[in-house]
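Undergrad: Read off the chains here:
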Amino acid sequence: MLRVLVIGYGNTLRGDDALGPMAIERLRPLLLDVECLGCQQLAPELAERLAECELAIFVDAACDGEPGLVRMERLSPKPGGIASLTHHLEAAALLELAQALYGRVPQAVLVTGAGAVFGNREGLSEQGQQALSEICRLIPRLIQDSSAIR
Amino acid sequence: MPTITIDPVTRIEGHAKITVQLDEQGEVQNARFHVTQVRGFEKLCEGRPFTEMPALMARICGICPTSHLLASSKACDDIMAVRIPETAEKLRRIMNLAQIVQSHALSFFYLSSPDFLLGMDADPEERNIMGVIRKYPAMARDGIKLRQFGQRVLETLGGKRVHPGWIVPGGVSHPLQADQRDQILTQVPEAIRITRSALHWFKGQIENYRAEVRSFANFPSLFLAMANNANEFSAYNGWLRFVDANLDIVADHITGVDYMNYIGESGNDDSYLKSTYFKPYGLKDGVYRVGPLARLNMCESAGTAQADEELAEFRELERHSVLSSFYYHYARLIEILFSIERMDMLLHDPEILGKNVRAHAAPNNFEGVGIMEAPRGTLIHHYRIDQNGLIESANMVIATGHNNLAINHGVLQVARQFVKGNALQPGMLNRVEAVVRAFDPCLSCSTHAAGAMPLDIQLLAADGEVVDRLLR
Chain Z
1 MLRVLVIGYG NTLRGDDALG PMAIERLRPL LLDVECLGCQ QLAPELAERL AECELAIFVD
61 AACDGEPGLV RMERLSPKPG GIASLTHHLE AAALLELAQA LYGRVPQAVL VTGAGAVFGN
121 REGLSEQGQQ ALSEICRLIP RLIQDSSAIR
Chain U
1 MPTITIDPVT RIEGHAKITV QLDEQGEVQN ARFHVTQVRG FEKLCEGRPF TEMPALMARI
61 CGICPTSHLL ASSKACDDIM AVRIPETAEK LRRIMNLAQI VQSHALSFFY LSSPDFLLGM
121 DADPEERNIM GVIRKYPAMA RDGIKLRQFG QRVLETLGGK RVHPGWIVPG GVSHPLQADQ
181 RDQILTQVPE AIRITRSALH WFKGQIENYR AEVRSFANFP SLFLAMANNA NEFSAYNGWL
241 RFVDANLDIV ADHITGVDYM NYIGESGNDD SYLKSTYFKP YGLKDGVYRV GPLARLNMCE
301 SAGTAQADEE LAEFRELERH SVLSSFYYHY ARLIEILFSI ERMDMLLHDP EILGKNVRAH
361 AAPNNFEGVG IMEAPRGTLI HHYRIDQNGL IESANMVIAT GHNNLAINHG VLQVARQFVK
421 GNALQPGMLN RVEAVVRAFD PCLSCSTHAA GAMPLDIQLL AADGEVVDRL LR
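For the record, the sequence lines run as chains Z and U. In terms of this note's numbering, the numbers along the first sequence are unbroken and rise by one, the last being 150. In terms of this note's numbering, the numbers along the second sequence are unbroken and rise by one, the last being 472.
Hints in this document: simulated from the structure, not taken from any laboratory. Values in this document were obtained by computation on a predicted structure and should not be read as measured data. Hints are not guaranteed to be accurate.
Here are the simulated EDC-like pairs of lysine to aspartate or glutamate, each with C-alpha atoms no more than 20 Å apart in a straight line [what the hints assert, rightly or not]: (1) U:K145 to U:E155; (2) U:K420 to U:E27; (3) U:K145 to Z:E48; (4) Z:K78 to U:E125; (5) U:K135 to Z:E48; (6) U:K284 to U:D269; (7) U:K145 to Z:E45; (8) U:K145 to Z:E52; (9) U:K145 to U:D182; (10) U:K43 to U:E27; (11) Z:K78 to U:E126.
For reference, chain Z alone in the conformation it holds in the complex (with noise of 0.2 Å):
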């Protein structure tokens, strides 16, 4: 069986920014096999996670686009991504340190829901809530038809 892990980050008490974190939620009763990791941010600690699964899919929320527009990307490791560790580590720059510290990288790809509000308020905006459905579905498949990113 593939080992998936998916990562759901954002900050739950900027209104749409929380899509990642309560994605994670709702698909972790829907994927058993599969690690679901919600957080705040990424950071390096995940490295070592990443390196040792095979698909890694990211949850993020976006700030361009149409509110509500689900987009997906194929990651890989971005070289030079990697600054001082401390505050902001893109998905990319991660894969580049699992592959420099590990020697190992998955497959990945990046599953972000376009938001409408990021102000300080809990709660998903309806365009919010509509990214956060598609995304809940068009999970569960991507990892079924794992060969779709392959």
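Based on the hints, put chain U in the right spot on chain Z.
TA: Below, chain U without anything else, positioned relative to chain Z:
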């Protein structure tokens, strides 16, 4: 007068710059560390219910939210006039120790190790964490693993790694479960192995850094840290004590609002960071240091077996107190070892799974002070409330503020030792930054202001003209 500007100071938490002023011959006349960000937490919490303060204060910083959560909760305990349940106190101590581990690991491995592993004079393009990962992947993996250990403990107890909750006025919100305890305990041996290995490696490197040891804020000063009856390392409970460079006590048993009689705060016109000083000696002579170096100088023993062995060796560096701030790095590693050992002891305490973890009370005092040791040094939260329990005023005295005068002293000392204005090399300026890094300043916490500016080193000529500038 020519001026060198280093802007931003790199591999520190927050935004700052350094200016180095030269005379006509290119010799260093003065050097200053300026903090260029402002956050304003002391003002923005006015009018909030005091019970909100721990959660609000945790947002001061993404690196040490736990320390603010703890100091703030202690200040609220004081307002409520409660003695928190014993189990809750032990759980809070574990949280604080985990915070020390993750923060010190970040400082040593992520921020400062490029200087030690790749060399102070290495190409700046290579002298960073990626350079370490490329050349010393095992060390980098260890550093990440050690920080992960601290963060996992924080996550297990506080629900999340950044801005955790769980610590509340009166104790903690819920008890520790047996499976959570066991999960932490399984990770202890690996964390100790990594720390011992880093200590062994660092001790072997010290001989290569004699010039840095001599000049990195190496001067007699006072030291401030928490003390207790056993004279053991204390990070959560106790009182404040000042000692001088001979380790003679100059002020002791300082608790609550009494800190105001001993700690003065002075504003600066070229930095958002206040300078604190030992009030009885005044601003000029009242320079003191806090944090790992101060704590290890202050305590007679760590109170755990392996850390005590390391502490005995550490003490052999000097006759009285260890004065070189280069040794902050060394002290940090010993504190990591101590923290892991102490956590292990606390987690084996049969009371640690106790269910009584919170005391409840309405406000019983209009004023409360919470003091504890954050990774970078002594942290004080002081609140006054009105009759409705709303914050009237808040004062936070933070480790980097305590160290500000010493950092400035160190920047000047290093600049005089290494910087030659007419033959400037990047390695010279890196040492000026590195002395700041030795203190591991956390500027977000210490200035309470909204930062957009990074770090800046300026070389100034005698007429004030900027001769060279390093901006990052």
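Undergrad: Against this structure, judge whether each hint is valid.
TA: To see whether the hints hold, each was checked on the structure:
Taking the CA atoms of U:K145 and U:E155, the gap is near 15 Å; set against the 20 Å cutoff, the hint holds. Between U:K420 and U:E27, the direct Cα distance comes to roughly 6 Å. Compliance with the 20 Å bound is thereby established for this hinted pair. For the hint linking U:K145 to Z:E48, the alpha-carbon distance of about 9 Å falls within 20 Å, and the restraint holds. Of the pairs offered as hints, the one joining Z:K78 and U:E125 holds, with about 17 Å between alpha carbons and a cut-off of 20 Å not exceeded.
For the suggested pair U:K135 and Z:E48, the alpha carbons sit about 18 Å apart, so the restraint of at most 20 Å is met. Annotation: proposed proximity of U:K284 to U:D269 holds, straight-line Cα distance about 16 Å (limit 20 Å). Our distance criterion of 20 Å between C-alpha atoms is met by U:K145 and Z:E45, whose separation comes to about 7 Å. For the hint linking U:K145 to Z:E52, the alpha-carbon distance of about 15 Å falls within 20 Å, and the restraint holds.
Pair hint U:K145 plus U:D182 holds up; C-alpha atoms about 18 Å apart against a cutoff of 20 Å. For the given pair, U:K43 sits about 42 Å from U:E27 by alpha-carbon distance, which is inconsistent with the 20 Å threshold. Under the criterion of a C-alpha separation no larger than 20 Å, the hint pairing Z:K78 with U:E126 is consistent with the structure, at around 17 Å.
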